[in-house]
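Use these hints to put chain B onto chain A, whose structure you have.
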Amino acid sequence: MNTIIKVKNISKSYSRGLLALDNVSLKVNQGKVLVIMGPSGSGKSTLIRTFNGLETFDAGEIEILGIKINQNYNERRIQKIRKRVGMVFQQFNLFPHLCILDNITLAPLNVQKRSRVEAEEYGMYLLSQMGISMHAEKYPSQLSGGEQQRVAIARTLALKPELLLFDEPTSALDPERINEVLDVMRKLAQDGMTMVVVTHEINFAKEVSDQILFMDSGKVIETSTPDIFFSNAKHERSRKFLNQLDK
Amino acid sequence: MMRYKRFFLQLIIILLFIGLVGILINNLIINLIRTDLGFNFYWLLKPASFALSEHALPFSPSDSYAWALLIGWINSLKVILFSLIFSTILGIIIGLSRTSKNILIKKISSFYITFIRQTPLLLQLMFWYFVGFLGLKNKFINFSNILKINTQGIEFFGLSLTPEFSALFIGLSVFTSAFIGEVIRGGIISVEKGQWESFRSLGLSERDGLIKVIIPQALPAIIPGLTSQYLNLAKNSTLAIAIGYSDIYAINDTIINQTGRAIECFIILLLTFLILNLSITNLMEKINKLINKKQIYIN
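Residue numbers (our numbering), protein chains in the order written: chain A, 1 to 247; chain B, 248 to 546.
Okay, chain A solo, but in the shape it has when bound:
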């Protein structure tokens, strides 16, 4: 089994000596889904953002798809990772000045130098997969949150990534819109996409994840399979967190 992500003892501190990440290690194999849970401020987002170089760290080493990065910012390597790893944000971050199809084709045209015909054809295919091909000519602000997030997923898929990172993809959505995004993510997992998902969606984590990583104050508290984590978490802190989520 190929290892896609290998994180070895990474730490990151803020200026006041506060640790955002405290000696974190983890591993994700090909085709697996890792869900990261934890209270807000626990370092989940910081951790996932180190994987594609949006966030730097002070010590340790990360290996993504065989490309190693450490505390010394290496533009060239990070650029290599970004071309093969997709990321979906909480606030969608679509380009508001471009129509939906142009949002999707921007990176294939400029990064992969594909032809416009090919990029647009594949873009339309992805939009139809997401059930929103009728919105291709519209602008992001004309779409609902759930639709925008599906466009954001299509936008990263357009680069045919080998790993997808989701940073709280449903936290900014209306409750009745959450499932349309989670359904897309379920399908991606079924098709064998390697994924790391920061989320509070317990049902999604139970159904889809292969592993749950629970964090608090920058530390990994426990790593378990979802069966164990949700029925019989090893750590007292995890159980307390789950109790609070249930309420």
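Some clues are possibly wrong.
Capping the alpha-carbon separation at 20 Å, the derived lysine-lysine pairs in PhoX-like fashion look like this [claimed, not checked]:
hint : chain 1 : residue 1 : chain 2 : residue 2
1    : B       : 293       : A       : 138
2    : A       : 138       : A       : 32
3    : A       : 113       : B       : 459
4    : A       : 113       : A       : 6
5    : A       : 138       : B       : 533
6    : A       : 68        : A       : 8
7    : B       : 540       : A       : 83
Chain B side only, calculated, beta carbon under 7 Å to chain A, not exhaustive [unchecked claim]:
hint : residue
8    : 444
9    : 445
10   : 449
11   : 450
12   : 460
13   : 462
14   : 463
15   : 464
16   : 468
In short, the hints are calculated from the structure, not lab data.
Just so it is clear, CB atoms sit at the ideal spot from N, CA and C, and this is done for glycine as well.
Frame of chain A; chain B shown alone:
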């Protein structure tokens, strides 16, 4: 009670205003009578009888005052247009450097902006003229006859510019570029941080991201500031008189000295500058509308 109070306040302000205008008109009439010249524009057709070193169209001292004023306007428009283009290019470079990740580039551009903005433009023009051009050696830069810079000014592809024009052009461009740089930087940092993260995580280079994602979204915030810098540039060009460049203001000054027709000259100057700046504002507004039309869907 309140209504009466407000009414009286307005009445007093209107009376004061009428009084002030009355005094000004009275002064004007007294002055006109004293100079014994009357108020008319016939003198415009008399020969100017002064020489101009810089003229785009043929000009000799026997040509009329009106013709001299036109030459002055052409000279003004020439330096304004050149400086407008060059200061924009320079301003974009400075503005982008200020947002650069490279610390050296960031520090240099920050120093440039601080230094240029904190010193008077008049001083800078004097510097460019007396130290910059007149202080040069006769063969300062000679780049295989394409670009020559020396005491004779700038010669570029056979187009030769006098030292007065060159100093004014460089001085205005450098001065304005520092302000434009700040306008550009302000526009760029007004774009949400998420947009930077978004294009970076898609593997776009900084250059591509800037051109295709950030700048289109920064433009609506940049255009109004840019307009006011362009208007300042046009008005600042009248400092040409300090280094002896025959712009409209300098020629007007000479004519006033010769004819004593200060009122007519200032009316001509005011009206023409008003027309110029209104056209700049109008043009920029059109550009702004065009951009906003494209951006209608940005919340």
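Structure-based check of each hint:
For a cut-off of 20 Å, the pair hint linking residue 293 of chain B to residue 138 of chain A is broken: about 65 Å separates their Cα positions. Restraint check for residue 138 of chain A and residue 32 of chain A: not satisfied, since their Cα atoms lie roughly 34 Å apart, outside the 20 Å limit. Using a Cα cut-off of 20 Å, the hinted pair residue 113 of chain A and residue 459 of chain B holds, with the two alpha carbons roughly 15 Å apart. With a C-alpha separation of about 30 Å, the suggested pair residue 113 of chain A and residue 6 of chain A falls outside the 20 Å cut-off, and the hint is violated.
Taken as a hint, the residue 138 of chain A and residue 533 of chain B pair is broken in the structure, with Cα atoms around 25 Å apart against an allowance of 20 Å. For the hint linking residue 68 of chain A to residue 8 of chain A, the alpha-carbon distance of about 11 Å falls within 20 Å, and the restraint holds. Of the pairs offered as hints, the one joining residue 540 of chain B and residue 83 of chain A is violated, with about 33 Å between alpha carbons and a cut-off of 20 Å exceeded. Below 7 Å, beta-carbon pairs count as interface contacts, and residue 444 of chain B has one with chain A at about 6 Å; its hint therefore holds.
Hint status for residue 445 of chain B relative to chain A: holds, with the closest Cβ pair at about 4 Å, below 7 Å. Hint status for residue 449 of chain B relative to chain A: holds, with the closest Cβ pair at about 4 Å, below 7 Å. Residue-level restraint check for residue 450 of chain B holds (minimum Cβ-Cβ distance to chain A is 4 Å; threshold 7 Å). Taken as an interface hint, residue 460 of chain B checks out: its beta carbon lies about 6 Å from the nearest beta carbon of chain A, inside 7 Å.
Against a cut-off of 7 Å between C-beta atoms, the interface hint on residue 462 of chain B is violated, since the closest Cβ of chain A lies about 10 Å away. Taken as an interface hint, residue 463 of chain B checks out: its beta carbon lies about 5 Å from the nearest beta carbon of chain A, inside 7 Å. Interface restraint check: residue 464 of chain B against chain A, minimum CB-CB distance 6 Å, threshold 7 Å, status holds. For the restraint placing residue 468 of chain B at the interface with chain A, the shortest Cβ-Cβ distance is roughly 13 Å, beyond the 7 Å limit, so the hint is violated.
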